[in-house]
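**Q** Residue strings, one per chain:
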Amino acid sequence: MVLQEEKLTSTAQNFLFAETASVLVIIPAFNEANNIVQVVRSVKQHAADADVLVINDGSKDQTAFLAASAGAHVISHPFNMGYGAACQTGFKYACRKDYDYVVQMDGDGQHEPACIPDLLNVVQRPDVDIVLGSRWLGLGEYKGPIIRKFGKFFFAFLASVITKHKVTDPTTGFQALNKRVLQFYCTEVYPVDYPDADMIIMLDRSGFRVKEAPVIMYHNHTGKSMHAGIIKPIYYGMKMMMSITMTLLRDDRKLAPVASCSSAAKKGSDERLFSAASNPDLSAEKFS
Amino acid sequence: MSITEIVVLISAILIFIVVLNLVRLRRLREEYSWLWLAAAVFYLGMAIKPDLVAKVSALIGITNNITAFLFISLLFIISILIHYSVRLSKLTTQMKDVAQLLAIIESDQNEHNHCPEPEITEKVETMDHEIPQETPDWHHIVENQQTGE
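Quick mapping for you: the protein sequence lines, in order, are chains A and B.
Under our numbering, the first residue of the first sequence carries the number 160, and numbering increases by one thereafter.
Under our numbering, the first residue of the second sequence carries the number 4, and numbering increases by one thereafter.
Just so you know, the hints here were simulated from the structure itself, not pulled from any lab data.
You may find that some hints are simply not true.
Unchecked claim - Below, computed lysine-lysine pairings styled on DSBU-like, alpha-carbon distance capped at 30 Å:
id: 1; chain 1: A; residue 1: 323; chain 2: A; residue 2: 203
id: 2; chain 1: A; residue 1: 251; chain 2: B; residue 2: 52
id: 3; chain 1: A; residue 1: 256; chain 2: B; residue 2: 99
id: 4; chain 1: A; residue 1: 325; chain 2: A; residue 2: 308
id: 5; chain 1: A; residue 1: 325; chain 2: A; residue 2: 338
id: 6; chain 1: A; residue 1: 251; chain 2: B; residue 2: 93
id: 7; chain 1: B; residue 1: 99; chain 2: A; residue 2: 219
id: 8; chain 1: A; residue 1: 308; chain 2: A; residue 2: 256
id: 9; chain 1: A; residue 1: 391; chain 2: B; residue 2: 93
id: 10; chain 1: A; residue 1: 398; chain 2: A; residue 2: 308
id: 11; chain 1: A; residue 1: 219; chain 2: A; residue 2: 203
id: 12; chain 1: A; residue 1: 203; chain 2: A; residue 2: 256
id: 13; chain 1: A; residue 1: 370; chain 2: A; residue 2: 219
id: 14; chain 1: B; residue 1: 93; chain 2: A; residue 2: 219
id: 15; chain 1: A; residue 1: 323; chain 2: A; residue 2: 338
id: 16; chain 1: B; residue 1: 93; chain 2: A; residue 2: 398
id: 17; chain 1: A; residue 1: 398; chain 2: B; residue 2: 52
id: 18; chain 1: A; residue 1: 398; chain 2: A; residue 2: 370
The following block holds chain A by itself, in its conformation from the complex (with noise of 0.2 Å):
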């Protein structure tokens, strides 16, 4: 079920919210010195309840002194990891202080701050437990390169197959998530470069209700690009195709958690947050 035909209008009061839940919003940032103040304070003005967490993955530049004027909770790491190592830092971080809700969003400035009331109004839904921005349905208007386009919208399209639900934006960093899926992505299963249709697949074979809502986003134009070149798209054609084929292999249902990552605070054992593998009575069938 994809959410095209919803009105969302991004204004604070749709901002709907059971008192005691408390959100998250994380930005991973590797030099973006020159956007993170920006990002920071618009995320404080349009979530003005939420938490801002700033993943410096090793920036060279003031990344992290910036971030934290500006008024984010900053965790910096000691070297640079890589894109999905920064997020899973700031999902780690989440279950550790038990966060009901955690957002993504990228610190360069390609998406839209204003858009996460609505994202948070998707994920709190019972029936929804991610919900992915896409830039593809309808708000705002994305010019990025063709190339790019064209990979995107073929792993789309196989995300869509396989899961038989409609995919537009396989490769969106903007997303809202609850518990379950904020455990799910504390164990292996994460990758630590980026996470793309795969991850997608992975989710909707693990059992987790992944839902699409309209974002708007920017292109940036001085931003890095990983499809520049001829190598590069056949490179990440050949990984996407074995991880979408080696996801298709794996059972995950395991790693997909039962109890909350709260319980498992309370029970001490931090282990299980980050190795869901060691703990084998960690089994969905259990309580589906």
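Chain B: place on chain A using the hints.
**A** What follows is chain B alone, placed relative to chain A:
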């Protein structure tokens, strides 16, 4: 197809299956599997079309098929080892950085908790900071050793 080619073909398929299964089990990262899979593809090519390799090796003066096979196999293995060495080097640097960061954070915590830094003497070989309650009777042990000799 000769026996050799069949054996090479089966080996190539086995390498493929083993490497892909290791990636599936998450015991081997995808990034390290590419060179192994490329080697398996090469063996596959050798088994199916040996004359192609013969043409290439003739260019560098190798007439014996086995020599060519071994030479190219060696090149593959050397490439994989160099890749590993580079990766290991980076990992060593990263480990060092993490260890240093941990040590500094731990010393900050010790300062904060007003814990005295443990004195490291030759006797203490454990990682614990606690001084054992019962120190071994060194004189007794030394005496016994001397009488035992």
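**Q** None of the hints should be skipped; say for each whether it holds.
**A** Here's how the hints hold up against the structure:
1. A:323 <-> A:203: violated, 36 Å
2. A:251 <-> B:52: violated, 51 Å
3. A:256 <-> B:99: Measuring from Cα to Cα gives roughly 28 Å; hence the hint holds.
4. A:325 <-> A:308: holds, 17 Å
5. A:325 <-> A:338: Answer holds: residue 325 of chain A to residue 338 of chain A is near 23 Å, not above 30 Å.
6. A:251 <-> B:93: holds, 24 Å
7. B:99 <-> A:219: Cα-Cα ~18 Å, so holds.
8. A:308 <-> A:256: violated, 38 Å
9. A:391 <-> B:93: Within the cut-off at roughly 23 Å; holds.
10. A:398 <-> A:308: Status holds; Cα separation ~17 Å.
11. A:219 <-> A:203: holds, 25 Å
12. A:203 <-> A:256: holds, 19 Å
13. A:370 <-> A:219: Given pair residue 370 of chain A, residue 219 of chain A is violated - Cα atoms ~36 Å apart, limit 30 Å.
14. B:93 <-> A:219: holds, 18 Å
15. A:323 <-> A:338: Answer holds: residue 323 of chain A to residue 338 of chain A is near 24 Å, not above 30 Å.
16. B:93 <-> A:398: holds, 22 Å
17. A:398 <-> B:52: holds, 27 Å
18. A:398 <-> A:370: OK: residue 398 of chain A and residue 370 of chain A at ~25 Å, within 30 Å.
Checked against the numbered hints listed earlier, the structure breaks hints 1, 2, 8, 13; every other hint is satisfied.
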